[in-house]
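Visitor: Residue numbers (my numbering), protein chains in the order written: chain A, 1 to 159; chain B, 1 to 129.
These are calculated hints, taken from the structure and not from any lab test.
All C-beta atoms, glycine included, are put in the ideal place defined by N, C-alpha and C.
Misleading hints may appear alongside valid ones.
Claimed, not checked - BS3-like, lysine-lysine: derived pairs with alpha carbons at most 25 angstroms apart:
1) 5/B x 55/B
2) 28/B x 19/A
3) 78/B x 68/A
What the hints assert, rightly or not - Chain B regions said to be covered by chain A (calculated; three or more residues, Cβ under 8 angstroms):
4) 73 to 79
5) 86 to 96
6) 101 to 115
Letter by letter, the chains look like this.
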Amino acid sequence: MDLNRHMPIFIKATVNVFKEMLDLSVSSGQVENEGEGFISQGFTVMVGFCGGWRGWFFLDMSQATALKLTEILIGEQYATVAEEEVLLSGAEIGNIISGNAITGVNNSQPGLNIRLTPPSVFAGEEMSLYNVRLNAHSVIMQTEAGVIKINVVAEEGKG
Amino acid sequence: MKGLKADGSPYQVMSVDDSPITRKMIKKALEPEGFAIIGEAGNGKEAVELYAKIKPDIITMDVTMPIMDGLDAALAIKKINPAQKIIMLSAMSDNDILADAHARGIDDFCSKPFKPEEIVSRVLEVLQR
Numbered sequence: 001m002d003l004n005r006h007m008p009i010f011i012k013a014t015v016n017v018f019k020e021m022l023d024l025s026v027s028s029g030q031v032e033n034e035g036e037g038f039i040s041q042g043f044t045v046m047v048g049f050c051g052g053w054r055g056w057f058f059l060d061m062s063q064a065t066a067l068k069l070t071e072i073l074i075g076e077q078y079a080t081v082a083e084e085e086v087l088l089s090g091a092e093i094g095n096i097i098s099g100n101a102i103t104g105v106n107n108s109q110p111g112l113n114i115r116l117t118p119p120s121v122f123a124g125e126e127m128s129l130y131n132v133r134l135n136a137h138s139v140i141m142q143t144e145a146g147v148i149k150i151n152v153v154a155e156e157g158k159g
Numbered sequence: 001m002k003g004l005k006a007d008g009s010p011y012q013v014m015s016v017d018d019s020p021i022t023r024k025m026i027k028k029a030l031e032p033e034g035f036a037i038i039g040e041a042g043n044g045k046e047a048v049e050l051y052a053k054i055k056p057d058i059i060t061m062d063v064t065m066p067i068m069d070g071l072d073a074a075l076a077i078k079k080i081n082p083a084q085k086i087i088m089l090s091a092m093s094d095n096d097i098l099a100d101a102h103a104r105g106i107d108d109f110c111s112k113p114f115k116p117e118e119i120v121s122r123v124l125e126v127l128q129r
C-alpha cells in the first residue's frame with residue numbers, strides 16, 4: 001500500500017473540515033516519512049481503522065491550539081485541556097476528519113470497506129507515540145489557531 | 001421561526017449521537033429557529049427505547065455509535081413507525097453506507113461537518129415532504 005498516494009485525501013479532509021466546521025484556513029506543508037513514532041505537541045487525537053486497512057490517524061496539536069479550537073467550535077472558553085468539552089471537541093474534530101478521509105478512500109477503492117474505531121484523546125507534556133513495526137507519514141499544517149500535525153500509519157488489513 | 005408548525009407549536013426533534021459536542025451543535029442550530037429538542041440519546045439502543053416514549057416529529061441520527069449503531073436503530077424505529085422521519089448524520093458517508101441507509105428507508109443523509117443553516121434546511125425539507 002502506498003500511503004503517499006493516500007495522504008492527499010487526509011490533507012484535503014483536514015483542510016475542508018477546518019474550513020467547514022471551524023471557519024479556519026489551513027496551509028499544508030510537505031508529506032514526510034516519520035518512521036515509527038513522534039513526540040506529541042501536547043494534545044493528540046487518535047482514530048483507528050479496521051477492515052481493508054489497519055492503522056491509525058493522529059491529529060496532533062499544542063494544548064493552546066486545542067483550547068482555541070474548542071472555543072471556536074462550541075463558543076465557550078476553557079482553562080485546561082482536562083475539561084471534558086475540550087477532550088470531546090478534539091475527539092469530534094479528529095473523528096470527522098478521519099471519517100471524511102476514509103469515505104474518500106472507500107469510494108476510490110470499492111471493496112476496502114474500511115471502518116473507524118471510536119476516537120481516543122491523549123493530553124500531556126512530552127508524550128512519545130510509537131507504532132511498533134508500522135511506518136508513519138505526516139504533514140505539518142499551519143492554521144490561524146496554531147500548528148497542527150496529521151499523522152497516518154496504516155497497512156493492508158485482513159478484512 | 002422556521003421550527004414552528006402552522007398552529008404555533010414547535011416541531012419536536014430527537015437528537016441521537018454518541019458525541020455530546022455534536023448534540024450540542026444540533027441544539028444550537030435548531031433551537032434558535034423554534035425547534036424543540038425533546039430528547040437526546042448517546043447510542044442506538046437508548047434511541048429506540050426513548051423513541052417509544054417521546055415520539056418526535058423528526059430524528060437526527062448518527063451512524064457509528066456504540067452498543068447499537070444508527071442504521072440498526074433507524075431500522076428498529078421504522079418497524080415501529082414506517083412514517084417516522086429520520087435524517088442520518090455521519091462523518092462516514094461512503095457509497096456502501098449511503099446504499100444501506102437508503103435500503104432502510106432513511107429520509108435523508110447529511111455528512112458531517114454541517115453548517116447550522118444546512119441542518120435547519122435539511123430538517124425542514126424532510127418535515128415538509
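Visitor: All the hints need checking, so say for each whether the structure fits it.
Guide: Here is how each hint holds up against the structure:
1. Between residue 5/B and residue 55/B, the direct Cα distance comes to roughly 16 angstroms. Compliance with the 25 angstroms bound is thereby established for this hinted pair.
2. Distance check on the hinted pair: residue 28/B and residue 19/A sit about 19 angstroms apart at the alpha-carbon level, within 25 angstroms; holds.
3. Annotation: proposed proximity of residue 78/B to residue 68/A is violated, straight-line Cα distance about 41 angstroms (limit 25 angstroms).
4. Evaluation of the coverage hint for the segment 73 to 79 of chain B: breached, as 0 residues show C-beta separations to chain A shorter than 8 angstroms, against a requirement of three.
5. Here's how the segment 86 to 96 of chain B fares: 7 of its residues keep a CB closer than 8 angstroms to some CB of chain A, so the rule of at least three is met and the hint holds.
6. Figure legend: the segment 101 to 115 of chain B, annotated as covered by chain A; annotation consistent (5 residues with Cβ-Cβ distances under 8 angstroms, at least 3 required).
Checked against the numbered hints above, the structure breaks hints 3 and 4 and satisfies the rest.
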